[in-house]
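> Residue 1 is where the sequence shown starts when you use the UniProt record's numbering, and the numbers rise one by one after that.
Just so you know, the hints here were simulated from the structure itself, not pulled from any lab data. In this text, all values refer to a predicted model and were calculated from it rather than measured experimentally. One or more of the hints may lead you astray.
As the list claims (entries may be wrong) - Pairwise CB distance ranges, derived in the manner of DEER restraints:
| no. | residue 1 | residue 2 | range |
| --- | --- | --- | --- |
| 1 | Leu38 | Glu103 | 33 to 43 Å |
| 2 | Ser36 | Ala100 | 40 to 50 Å |
| 3 | Leu95 | Arg65 | 51 to 61 Å |
| 4 | Met46 | Asp21 | 13 to 23 Å |
| 5 | Glu101 | Thr30 | 44 to 54 Å |
| 6 | Arg61 | Tyr87 | 34 to 44 Å |
| 7 | Asp5 | Lys99 | 24 to 34 Å |
As the list claims (entries may be wrong) - Once the Cα atoms are required to be at most 30 Å apart in a straight line, the calculated DSS-like pairs of lysine-lysine come out as:
| no. | residue 1 | residue 2 |
| --- | --- | --- |
| 8 | Lys67 | Lys47 |
| 9 | Lys50 | Lys9 |
| 10 | Lys50 | Lys67 |
| 11 | Lys86 | Lys99 |
| 12 | Lys9 | Lys86 |
| 13 | Lys9 | Lys47 |
| 14 | Lys9 | Lys67 |
Note that beta-carbon positions come from the ideal geometry of N, C-alpha and C, so glycine has one too.
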Amino acid sequence: MTDDDRVFKALADPTRRFLLDLLFARDGRTLTELESELEMSRFGVMKHLKVLEEANLVLTRRSGREKLHFLNAVPIRLIHNRWIDKYTEQRVSALADLKAELESNP
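With these hints in hand, go ahead and build the complete structure from the sequences.
See below:
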């Protein structure tokens, strides 16, 4: 499985996207903090975090007895550069704008 495949797999699940949103809002959260935001078992949250870690979207660091989780946005940016940027060129944007304009006027 390639790095891109791991990122796409991780981002495909709404729970994992929610966890990334939580870490974006405030980095360095513990498992307990993340678990408190979801209606699922601790084990379930751990499984989602493992997928995110395997995709390199979440990095961890030990602080005493706690394990802190941090967002790593680099893989998302690489996906954006590879798969989104090329489709947002000026010509494509102009055609999309023209389509919207034509569809909005009867």
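> A separate judgement is required for each hint: does it hold in the structure or not?
Hints versus structure:
At roughly 39 Å, the beta carbons of Leu38 and Glu103 sit within the given window of 33 to 43 Å. Against the hinted window of 40 to 50 Å, the Cβ-Cβ separation of Ser36 and Ala100 comes to about 42 Å, which satisfies the hint. A beta carbon spacing of about 56 Å between Leu95 and Arg65 agrees with the range 51 to 61 Å that was offered as a hint. Between Met46 and Asp21 the C-beta distance comes to about 18 Å, which sits within the given range of 13 to 23 Å.
For the hinted restraint 44 to 54 Å between Glu101 and Thr30, the CB-CB distance of approximately 50 Å keeps it satisfied. Checked against the given bound of 34 to 44 Å, the beta carbons of Arg61 and Tyr87, roughly 36 Å apart, stay inside it. For Asp5 and Lys99, the hinted distance range of 24 to 34 Å is satisfied, since their beta carbons lie about 32 Å from each other. For the suggested pair Lys67 and Lys47, the alpha carbons sit about 15 Å apart, so the restraint of at most 30 Å is met.
Distance check on the hinted pair: Lys50 and Lys9 sit about 12 Å apart at the alpha-carbon level, within 30 Å; holds. For the given pair, Lys50 sits about 13 Å from Lys67 by alpha-carbon distance, which is consistent with the 30 Å threshold. As the CA atoms of Lys86 and Lys99 are separated by approximately 19 Å, the hinted pair is consistent with the 30 Å bound. Restraint check: the Cα-Cα separation between Lys9 and Lys86 comes to about 21 Å, which is no more than 30 Å; the hinted pair holds.
Restraint check: the Cα-Cα separation between Lys9 and Lys47 comes to about 13 Å, which is no more than 30 Å; the hinted pair holds. Of the pairs offered as hints, the one joining Lys9 and Lys67 holds, with about 24 Å between alpha carbons and a cut-off of 30 Å not exceeded.
In the structure shown, no violation is registered for any of the earlier numbered hints.
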